[in-house]
Amino acid sequence: MMFRHLVGAAVAAVFAVVGLSGAAQAGATLDAIKKKGFIQCGVNTGLAGFSVADSQGAWTGLDVDICKAIAAAVFGDANAVKYTPTNAQQRFTALTSGEVDILSRNTTWTLTRDASLGMMFTGVTYYDGQGFMVPKSAKIKSAKELKGATVCVQTGTTTELNLADFARANKLNIKPVVFESLEESKVAFFGGRCKAYTTDASGLASIRSKDAPNPDDYLILPELISKEPLGPAVRRDDVEWFTLVKWVLYALGEAEESGITSANVNEMKSSADPNIQRLLGALGDMGQKLGVDNAWAFNAIKQVGNYGEIFERNVGQKTPLHLARGLNATWKNGGLMYAMPVR
Amino acid sequence: MTAEEATTPQVERPPASVAGPWGWARANLFSTPWNTFLTLASIAVLGWALPPALDWLIFNAVWGHVKPEVCKQADGACWAFISEKYRLILFGRYPFKEQWRPVLAVCALIAMIIFSCNRRFWRAWLGAVWLAGLAIFGTLMWGGVFGLMPVETNLWGGLPLTLILAVVGVVVAFPLSILLALGRRSRMPIVRSFSVAYIELIRGVPLISLLFMASFMLPLFLPNTIKINALLRAQVAIIMFTAAYLAEVVRGGLQSIPKGQYEAAQALGLGFGQMMWKVVLPQAIRAVIPPIVNTFIGMFKDTSLVAIVSLTDLLLATKQAISDPNWRAFFIEGYVFVAFIYFIFCFFMSKYSQHLEKSLRAGERR
Chain A
2 MMFRHLVGAA
12 VAAVFAVVGL
22 SGAAQAGATL
32 DAIKKKGFIQ
42 CGVNTGLAGF
52 SVADSQGAWT
62 GLDVDICKAI
72 AAAVFGDANA
82 VKYTPTNAQQ
92 RFTALTSGEV
102 DILSRNTTWT
112 LTRDASLGMM
122 FTGVTYYDGQ
132 GFMVPKSAKI
142 KSAKELKGAT
152 VCVQTGTTTE
162 LNLADFARAN
172 KLNIKPVVFE
182 SLEESKVAFF
192 GGRCKAYTTD
202 ASGLASIRSK
212 DAPNPDDYLI
222 LPELISKEPL
232 GPAVRRDDVE
242 WFTLVKWVLY
252 ALGEAEESGI
262 TSANVNEMKS
272 SADPNIQRLL
282 GALGDMGQKL
292 GVDNAWAFNA
302 IKQVGNYGEI
312 FERNVGQKTP
322 LHLARGLNAT
332 WKNGGLMYAM
342 PVR
Chain B
197 MTAEEATTPQ
207 VERPPASVAG
217 PWGWARANLF
227 STPWNTFLTL
237 ASIAVLGWAL
247 PPALDWLIFN
257 AVWGHVKPEV
267 CKQADGACWA
277 FISEKYRLIL
287 FGRYPFKEQW
297 RPVLAVCALI
307 AMIIFSCNRR
317 FWRAWLGAVW
327 LAGLAIFGTL
337 MWGGVFGLMP
347 VETNLWGGLP
357 LTLILAVVGV
367 VVAFPLSILL
377 ALGRRSRMPI
387 VRSFSVAYIE
397 LIRGVPLISL
407 LFMASFMLPL
417 FLPNTIKINA
427 LLRAQVAIIM
437 FTAAYLAEVV
447 RGGLQSIPKG
457 QYEAAQALGL
467 GFGQMMWKVV
477 LPQAIRAVIP
487 PIVNTFIGMF
497 KDTSLVAIVS
507 LTDLLLATKQ
517 AISDPNWRAF
527 FIEGYVFVAF
537 IYFIFCFFMS
547 KYSQHLEKSL
557 RAGERR
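Protein chains in written order, with the numbering used here: chain A, 2 to 344; chain B, 197 to 562.
With the rest of the complex left out, here is chain A (with noise of 0.2 Å):
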């Protein structure tokens, strides 16, 4: 694909420039947000459990409700928010070029990404890693064991290039079948064409259960072979605006750690606790210091929940992805998500 690298290599070289240019106005994308009356964000234009339009049109997903939290921090309004979807190719220059205020789209945090492309990483919301499925009857247990393997893979994505990342370090020979959509690759999969299916373990899971003909004839991996920290971004013009997204983030875990739900947060807003005082609104001002409402916590914890009720409510168990907490449990549960403290 000549053109997409071209059309990559020019938006690069117009992402420094921009990049450039856009550090010396600092507060311009909050005060313009807080002037508009709504966040600008960019989702996916359609990937389960993420961001995907329900039958009535409306946004739902993990990353829907991040936008969603933030909007709560800033106006005291969950639906204060206007969503743009965006395509692989495009959201970065969807972000940078000031369509949309953060980029709530399953981006993998990555360096080149922080460091050359115009924009800054708030957090990571979902820890993911790539992984595979095979057919339980081609009894294979490991990644290890796919020495000459077929694997089918979706094109455009980091998934590619890290499945021949694998395959060259650890001599395998892979045969990578590459398909262009979703619905391709996985029909070709399950129709035989390839000993082993990849993509990212959150889509993994939902694949073996919604697609399969009949999902105890698949087995997953247990190796990840990538690292795929997933998050919002915002544009490199605004720290204040910045440092909000990422303190939403963590307000979002310190409430789960804290035990306190979108249900029981009125309640914990009188709890003898100073931590959860300070966080609440009750006690102090964090959110002045942020530029925003004191409630603005509250807010967010109200209308949208805590990080594990955004989880579970999106694509937990309950939800047709089926996802376990992992990675993604909180560091006292053996998880990575790790809040820093409100105070």
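Keep in mind that a hint or two might mislead.
[Said to hold, decoys possible] Partial list, derived from the structure: chain B residues whose beta carbon lies under 7 Å from chain A:
hint	residue
1	S227
2	S279
3	E280
4	Y282
5	L284
6	R289
7	W296
8	V299
9	P419
10	S519
11	P521
12	A525
13	F527
Note that these hints are calculated values from the structure, not bench results.
Glycine included, C-beta positions come from ideal geometry on N, C-alpha and C.
Got chain A; can you put chain B on it based on the hints?
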């Protein structure tokens, strides 16, 4: 014997091998061994492909409102997916409670198109009808007046978006293409070079890159204060692209007009405008109706490329419907459904162009 047959002289009926359905089949389907072979082969292919297709499409299909689990048990198509998602597919993310507005807007647009197909209405006032029609469409879709809730263009989607991109694309690109075609044949060097440069430049790049430039590169170069509507940017890209292609079609038509026609018009004392409008263009356009409609049909389907700049046209809305994890196993049904919608419109255009060709050639028939 009835009375009538008894009184009228016996008329010899043509033998069954010549007239009637059997005669027709003999003459058309089995006239030569090769023809017979082709007929039998076609019947065999149909017999092989049609029953399973019909089984899937109709007889084993699941209709009505049911849960996706029910569909998984069935062998046929899951039209329940369409029952569940048709509003998302047809209208995208347009506010759910306001979706009667795009319904009316689409009806108004289609009614206007059908009205304009009648040649008797091809008068100057048709332009006013179109302005009124587009105003109705815009009012219904945008709202903000007469107590209608305002709806921004980034929430427009599905069929109305596809139709408006195509209709405005045709209506604006067509006159533009005539100007470009005339410009390319002009004797004025600047006009000619501009037309040539425009046509060659635009035809030289794919529509996707034009859309990409308009939607994502352009805002990077403009100051932050200037924000051009995303729909407008895509619409302009489509117009520019279609105009370049159509200009070459029209130029082909212009070249088919013999020099004598120009000379005759000039001899009658007609000016350039009158000569073109009354003598040359009517003949030239008539000669190239098939390629013009061809371009229109291609352009209608090309509007689906706006999905790449995240405008929720019919196809992207379908993709969004498919991304629901509960229903995504039924993506084929989704694509068949939109293919059917695209087919209806394209088939209508193609039939209409045949009709137009026939009626415009009426004078040449003997």
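* Hint check against the structure, violated hint numbers in rising order -> Hints 1, 2, 4, 7, 8 and 9 not satisfied by this model.
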